[in-house]
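Asks: Listed in order, the protein sequences are those of chains W and X. Note that the working numbering has the first sequence beginning at 1112, numbered continuously upward. Note that the working numbering has the second sequence beginning at 216, numbered continuously upward.
Derived from the structure by calculation, the hints contain no laboratory data. Yeah, the Cβ is synthetic: ideal placement off N, Cα and C, and Gly gets one too. Warning: the hint list may mix true and false statements.
27 angstroms max Cα-Cα, derived DSSO-like pairs, lysine-lysine [claimed, not checked]: (1) W:K1209 x W:K1286; (2) W:K1177 x W:K1119; (3) W:K1342 x X:K253; (4) X:K522 x X:K555; (5) W:K1209 x W:K1230; (6) X:K380 x W:K1136; (7) X:K627 x X:K601; (8) X:K380 x X:K601; (9) X:K555 x X:K530; (10) W:K1137 x X:K380; (11) X:K578 x X:K627; (12) X:K522 x X:K487; (13) W:K1119 x X:K380; (14) X:K627 x W:K1119; (15) W:K1286 x W:K1243.
DEER-style ranges, computed between Cβ atoms [as the list claims (entries may be wrong)]: (16) W:G1173 x X:R540: 55 to 61 angstroms; (17) X:P227 x W:G1178: 43 to 49 angstroms; (18) X:M383 x W:E1292: 28 to 34 angstroms.
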Amino acid sequence: MLRIRNLKCYYGQIMAVKGVSLSVKKSQIITLIGANGSGKSTLLEAICGLLPGWDGEITFEGVPLKGFDPPAVVKQGISLVPEGRLIFPPITVLDNLKLGAYTMYRKRQHAAVNQTLEKILDLFPILRERAKQAAGTLSGGEQQMLAIGRALMSHPKMLLLDEPSMGLAPLIVEKIFQILETLRNDGITILLVEQNAQAALQVADYGYVFETGTVVLQGPASELLADQEVKRAYLGKDYGEFYDDK
Amino acid sequence: MMTNDDFITLSPEEQNQLQLERLQSTLNRAYRNVPFHKQRFKEMDIDLSQIENLSDICRLPFMERRNISENYPYNLFAVPLRDIVRIHTAPGTTHNPTVSGYTPQDLSHWQSILARALQASGVTAHDILQITLNPGLSNWGRDYKHGAEAIEASVIPHTPMAIEKKLMVLRDYKTSVLITTPSLALQLANYVQKNELNTNIFELKTLIIVGEAINTDDRRLLEETLHVNIWSHYGLSEVPGPAIAFECEAHQGLHINEDHFLSEIVDHETGKVVPEGDFGELVLTTLTTRAFPLIRFKTGDRARITKTQCSCGRKLCRIDWLGDRTDDLINIDGVKVHKKQIQLTIQAMLDLPSDASKFFIRKRDEKKYIEIWIPVNDAIFSDEIKGLELLIQNAENNLLENIGIPVAIRLKEKNTI
């Protein structure tokens, strides 16, 4: 569905993503795990048209995304749930959601938008309860749900999530990831960028491990969960022995 | 049961993408974790982000057998030793043996590779599968055992025994699949013919030939004598294992497990990739191996690649492999030894100049062995026959232990060699 070949992203002279190839299959959860600064978020920005200069190929359902601006990418069916949620705190939950359907509003598809809104409020009952509240008053987990709900308003085929578990309690993380599984089972493809490798690999079908802008390992999520190297580096196990002499 | 067969169902484009992803991460891991690779890539000024297609691999340096022995024992491992769950030793090309390691994932990949190859030969859970190999190929014995267990066949693992005993097991245990080398198979066929055994009493229907290529005449002879279907497998005895390529029901070349290995054919002298369909040296790069990645490993085997679709429908390219070598390794029942290595052993034992001895591959009852001629010098000459015999026996034992294949030593007068 999404295919990336030899993606290179630059911040000025610095190459942040150094020739990454990866592929995302339909109706799967694919996760990119890796430490801070390994280039995961940069890769998402490149897909969404938020990053001006990149080399390589990104194709979504056969369409090259080179040169697309963010609205054009959304029109292709890709929605981003950004890092740190980036909701609009002063306005209501409902309005926040409606903003996610901005491209549809402009086409005056109000009825369709309302229908989608209902569906999303069914998916996140807590948002229905707080529909009239200002988004800024929501808890971290609720805000994350709002951010996901907002991304779903544009009927994406693929959802990109940047660190959805950040700053959330383990129980809430579990809840959020359960929702991702539900969405996957409904046919939405998910590309999940996470530092919380344990949680991400538990829901994902396939994973890529990033290290300083390159992919060093990929495989079925179950295989990566069992991998000694992944365990040491990202699952917080055995760290003391990581630098053992061979 | 796990055979990892999604790869075969992918479109060529998807296969290419998967191979590229695996190649890139293999290279990144090798660069990070193996000083040998890092140093060579740096010396050649190779920027791994420039490897954008499978064919770009031709910019990378070759790996040879000597690199493996130079880095004896663990310096080519790409994971810390504590992640290794199995260590294999095979005869090397110098006095150092070849050591390779496997992580749990590596072993499970091998199991799926073997299972796929066995399934292509029609092996199922109903089969009784017997493994008979030379001691030098005992690593393969273990791999075949695991692969066959993955498809739930009943395995009679490799155990060294006399030919009569082998035939007894073959008959009484109702073996339906036999995995062995060409010369061991020919030995069996000879024995059956000589003793006028009735092959109807055998349940054997499948013969999987490993270690060496089998020529058409031998294939026909075995098929007719033993009333079996023959399938050939290609592998590396040193690293990382058997069934890198396998025959399918069409018997027109051997399919390479392209999801795990990238293959190239190069000119042995120039190292340039030859046009598709030409014969040359087979070069392999591992795509999934964690512990012991090979990057452009020169196998020394002469082969050619066919990319056209096979009538069996498997979307895996094929190699024609006739058993010729591009180097001076000697292949004895699948165990590859270097003359230099034998010379070193003899030299150490008898205090000879290294180029004094000569080698011949001989056959006794279809069983291959190496005959070595050694010039008699003052150091080994003894008036007593007993002393000489003891010396020869010691040398033969020592060589058998060191390289895992039978050796016969003949003492010759200096001027006859």
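Asks: Holds or violated: W:K1342 with X:K253, Cα cutoff 27 angstroms?
Replies: 24 angstroms, holds
Asks: For the pair we were handed, X:K380 and W:K1136, check the Cα-Cα distance against 27 angstroms.
Replies: Measuring from Cα to Cα gives roughly 53 angstroms; hence the hint is violated.
Asks: Could one say that the CB atoms of X:M383 and W:E1292 fall in the range 28 to 34 angstroms?
Replies: 57 angstroms, violated
Asks: Tell me if the straight-line CA distance from W:K1209 to W:K1286 falls inside 27 angstroms.
Replies: 23 angstroms, holds
Asks: What's the verdict on W:K1119 and X:K380, does the C-alpha distance respect the 27 angstroms limit or exceed it?
Replies: Outside the cut-off at roughly 63 angstroms; violated.
Asks: Given the hint that X:K522 pairs with X:K487, test it: the Cα-Cα distance must not exceed 27 angstroms.
Replies: 19 angstroms, holds
Asks: Hey, X:K522 versus X:K555, does the alpha-carbon distance stay inside 27 angstroms?
Replies: The given pair, whose Cα atoms are some 37 angstroms apart, is violated under the 27 angstroms limit.
Asks: Can you confirm whether the C-alpha distance between X:K627 and X:K601 stays at or below 27 angstroms?
Replies: 17 angstroms, holds
Asks: Run the distance test for W:K1137 versus X:K380: straight-line Cα separation, threshold 27 angstroms.
Replies: Not satisfied, since the Cα-Cα distance of roughly 56 angstroms exceeds 27 angstroms.
Asks: 55 to 61 angstroms was suggested as the range; check whether the CB atoms of W:G1173 and X:R540 agree with it.
Replies: 46 angstroms, violated
Asks: For the pair supplied as a hint, W:K1286 and W:K1243, confirm whether the alpha-carbon distance does not exceed 27 angstroms.
Replies: 23 angstroms, holds
Asks: Measure nothing beyond the straight line between the CA atoms of X:K555 and X:K530; if it is 27 angstroms or shorter, mark the hint as holding.
Replies: Distance ~41 angstroms between X:K555 and X:K530 Cα, so the pair is violated.
Checked against the numbered hints above, the structure violates hints 4, 6, 8, 9, 10, 13, 14, 16, 17 and 18; every other hint is satisfied.
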